[in-house]
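S.K.: Kindly generate the complete structure, drawing on both the sequences and the hints.
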Amino acid sequence: MSDNPKIKVATAWLGGCSGCHMSFLDLDERLLDLAKLVEFTASPITDVKEIPEVDVGIVEGAVCNDENEHVLRTMRARCKVLVALGDCALTGNIPALRNQQKLADVLERSYVESESTQAGDVPGAPEVPTLQTKVRPIQEFVKVDAHIPGCPPDADAIWYAVTELLAGRKPEWTPTNMRYD
Amino acid sequence: MTEPSANTITINPVTRIEGHAKITIHLDDAGDVADARFHVVEFRGFEKFCEGRFFAEMPQITARICGICPVSHLLASAKACDAILGVEIPRPAKLLRELFHMGQLTQSHALSFFHLSAPDLLLGFDSDPASRNIMGLIQQHPDIAKRGIRLRKFGQEVIKLTGGRKIHADFTVPGGVNKALTNAERNEMLSGLPEAKDHATFALDLLKKYQESHLEEVEEFACFDSNFLGLVQPDGSLEHYDGRLRFCDTKGNVLQDQIDPANYLDVIAETTEDWSYLKFPFIKSLGYPDGMYRVGPLARLNVVDRISTPRADAELQAWRSQSVPPRRSSFYYHWARLIEIVYALERIEELLRDRDICSADTLVNARPAHEQGIGVMEAPRGTLFHHYWVDEAGRVEKVNLIVATGNNNLAMNRAVKSVAQKYVKSRQLQEGMLNRVEAAIRCYDPCLSCSTHAVGQMPIRVELIDRDGSVLHTLVRDQGTM
Chain A
1 MSDNPKIKVA
11 TAWLGGCSGC
21 HMSFLDLDER
31 LLDLAKLVEF
41 TASPITDVKE
51 IPEVDVGIVE
61 GAVCNDENEH
71 VLRTMRARCK
81 VLVALGDCAL
91 TGNIPALRNQ
101 QKLADVLERS
111 YVESESTQAG
121 DVPGAPEVPT
131 LQTKVRPIQE
141 FVKVDAHIPG
151 CPPDADAIWY
161 AVTELLAGRK
171 PEWTPTNMRY
181 D
Chain B
1 MTEPSANTIT
11 INPVTRIEGH
21 AKITIHLDDA
31 GDVADARFHV
41 VEFRGFEKFC
51 EGRFFAEMPQ
61 ITARICGICP
71 VSHLLASAKA
81 CDAILGVEIP
91 RPAKLLRELF
101 HMGQLTQSHA
111 LSFFHLSAPD
121 LLLGFDSDPA
131 SRNIMGLIQQ
141 HPDIAKRGIR
151 LRKFGQEVIK
161 LTGGRKIHAD
171 FTVPGGVNKA
181 LTNAERNEML
191 SGLPEAKDHA
201 TFALDLLKKY
211 QESHLEEVEE
221 FACFDSNFLG
231 LVQPDGSLEH
241 YDGRLRFCDT
251 KGNVLQDQID
261 PANYLDVIAE
271 TTEDWSYLKF
281 PFIKSLGYPD
291 GMYRVGPLAR
301 LNVVDRISTP
311 RADAELQAWR
321 SQSVPPRRSS
331 FYYHWARLIE
341 IVYALERIEE
351 LLRDRDICSA
361 DTLVNARPAH
371 EQGIGVMEAP
381 RGTLFHHYWV
391 DEAGRVEKVN
401 LIVATGNNNL
411 AMNRAVKSVA
421 QKYVKSRQLQ
431 EGMLNRVEAA
441 IRCYDPCLSC
451 STHAVGQMPI
461 RVELIDRDGS
471 VLHTLVRDQG
481 TM
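Order-wise, the sequence lines are chains A and B.
Quick note on this note's numbering: the first sequence kicks off at 1 and runs consecutively.
Quick note on this note's numbering: the second sequence kicks off at 1 and runs consecutively.
To be clear, the hints were calculated from the coordinates, so they are not data collected in a lab.
Fair warning: this is a prediction, and the values are worked out from it, not measured in the lab.
A hint or two may mislead.
[What the hints assert, rightly or not] The calculated DSSO-like cross-link candidates involving lysine-lysine, where the alpha carbons are at most 27 Å apart (straight line), are:
hint, chain 1, residue 1, chain 2, residue 2
1, A, Lys134, A, Lys6
2, B, Lys197, B, Lys209
3, B, Lys398, A, Lys134
4, B, Lys422, B, Lys209
5, A, Lys8, B, Lys146
6, A, Lys102, B, Lys160
7, B, Lys146, A, Lys6
8, B, Lys160, B, Lys209
9, A, Lys36, B, Lys146
10, B, Lys146, B, Lys160
11, A, Lys36, A, Lys6
[As the list claims (entries may be wrong)] Here are the in silico distance ranges between beta carbons for each label pair:
hint, chain 1, residue 1, chain 2, residue 2, range
12, A, Glu115, B, Asp225, 28 to 36 Å
13, B, Pro310, A, Gly124, 27 to 35 Å
14, B, Leu121, A, Leu166, 28 to 36 Å
15, A, Gly168, B, Gly86, 35 to 43 Å
The beta carbon of each residue, even a glycine, is placed where N, CA and C say it ideally should be.
M.R.: See below:
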């Protein structure tokens, strides 16, 4: 076993497309280096389902429903540093486009009116989370310590932020490293 | 966590899949599995909030449906936009779009096999859940993990070199594509092909060895009757970018063939269930739920007559010769996915060697000429439908989407029930039993963000509760403790 305890990391995706997690996987061979420094706990790419106490919590996506909010608040309570990964977490981005319409109309279009749908109704059983009226970015709910902008941020941006955080520094975004490609 | 009813086991969230879902397993009075359901718990509403946008924005907006297969949405959307313009795109544009897609097929299938499912196969379904993931694979089988990483990387590089960016590329536009391929980019891809092919062969060999030692599991895993749907070329061969719809039944008989995808509303309908945000498509003529069909790699290889590239076709024919097609076990999705990687790599080479591939003739300019456009293609996970209605200025009035994963909704529900009934013993509940139920879902490699509907994560704590409400057994999946 290594002498230095590994940094514990948890990641979560809320309302979004998971593109930020895919961009994280675009670290490619750098994942091999990261595995030596970091222990991945709860994450969509692992089978640890309950967020434990961790050093760094990384959150992708916006808050669309009550479960998103619950996960976000749990992450905040259990991590020392909370990182907003990508534009949905930061601004609401594409999922927040639905804020222009009434939620009932959005649901009606998808589940009742849609041309391919027959005898449809809006799902509402206890197993499906309750949608919030507006989609909101995560800092409207909890304190965010660092952010990684982009839709999605590319792997180099994620690598820069992760290595800064591992070194105990907050990533700073300048015109040279804040880009989309 | 709250339980919907007394005799229910809940798996939440389902992990190592894309998107947000939970599974509930319903027990009868004897404690045996009576039913199981796969709940998709996210909803975003693209079908409504795209209304009012200019149609040319649709590829960029709908790419954000999914970060794993944005290329599929970029293509289906652009095809719907081409139809609104009423144009045939130039041949080089079509070649580049297909190249872009073959890069995606490679990366998405590599992700599904190596990053998400291989931990079950190589570390074991019952292995420690704390390390049963890609990071655990890196530590225990670094050479295999590295192959998976390199193969996915090659696919992502093809996407980037072709379209300019790995995720959510701004590349496909109404009437074609906005970037030509340079000779240097072409050569860079060609130079990476031999290594990628070696990784694909390695993965297929790995799966063949797994089958030899786990024959019953492979043959029986979530095995059930269903119909199958995929796009085919006019000669019945495998096709992803274009093609026409072919439906086969569970015995492999062709039900409907060479259906113009623009007529999809005549053959497919969908309905809703109260307990999932994902709709349930079915074959219209067979009704709901008898019209259940499967899509994706297994369905495609079950419906086609052949594959146009030699190596993949040889693998297909060898696979078919092992037993009477079609294959019904959900495990064979993994197998079909790897054969499709072989195909994608061969097709990438064919496309790169086409003399038109570096042509700058990639775009036709036109104004909206039609009030509707339908774009259909085979996403990695199955047949994807985009349908837009626009006004005379090109403003979107209505949107209808049937996403790849949605087509498999009835089948995924059947799969979790089948595996739960076989493996879950409620009186001696083990974590590995529940992982097998999740693995049934992983076969389908669902993309739940794609479902335009779908999110939610909660800690997992499974309580087995009897009719009187007393807790018989508690199982917490957390850091490997049980």
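S.K.: Work down the list of hints and note, for each, if the structure agrees.
M.R.: For each hint, the structure was consulted:
1. A:Lys134 to A:Lys6: Since the Cα atoms of Lys134 (chain A) and Lys6 (chain A) sit roughly 38 Å apart, the hinted pair is violated (cutoff 27 Å).
2. B:Lys197 to B:Lys209: 18 Å, holds
3. B:Lys398 to A:Lys134: 22 Å, holds
4. B:Lys422 to B:Lys209: Given pair Lys422 (chain B), Lys209 (chain B) holds - Cα atoms ~24 Å apart, limit 27 Å.
5. A:Lys8 to B:Lys146: Within the cut-off at roughly 23 Å; holds.
6. A:Lys102 to B:Lys160: 38 Å, violated
7. B:Lys146 to A:Lys6: Holds, at roughly 21 Å.
8. B:Lys160 to B:Lys209: The given pair, whose Cα atoms are some 34 Å apart, is violated under the 27 Å limit.
9. A:Lys36 to B:Lys146: 14 Å, holds
10. B:Lys146 to B:Lys160: 20 Å, holds
11. A:Lys36 to A:Lys6: Measuring from Cα to Cα gives roughly 8 Å; hence the hint holds.
12. A:Glu115 to B:Asp225: 28 to 36 Å: For Asp225 (chain B) against Glu115 (chain A), whose Cβ atoms are near 29 Å apart, the range 28 to 36 Å holds.
13. B:Pro310 to A:Gly124: 27 to 35 Å: 52 Å, violated
14. B:Leu121 to A:Leu166: 28 to 36 Å: Distance hint for Leu121 (chain B), Leu166 (chain A) holds at roughly 32 Å.
15. A:Gly168 to B:Gly86: 35 to 43 Å: 59 Å, violated
Violation of the numbered hints given earlier is confined to hints 1, 6, 8, 13 and 15; the remaining hints are satisfied by the structure.
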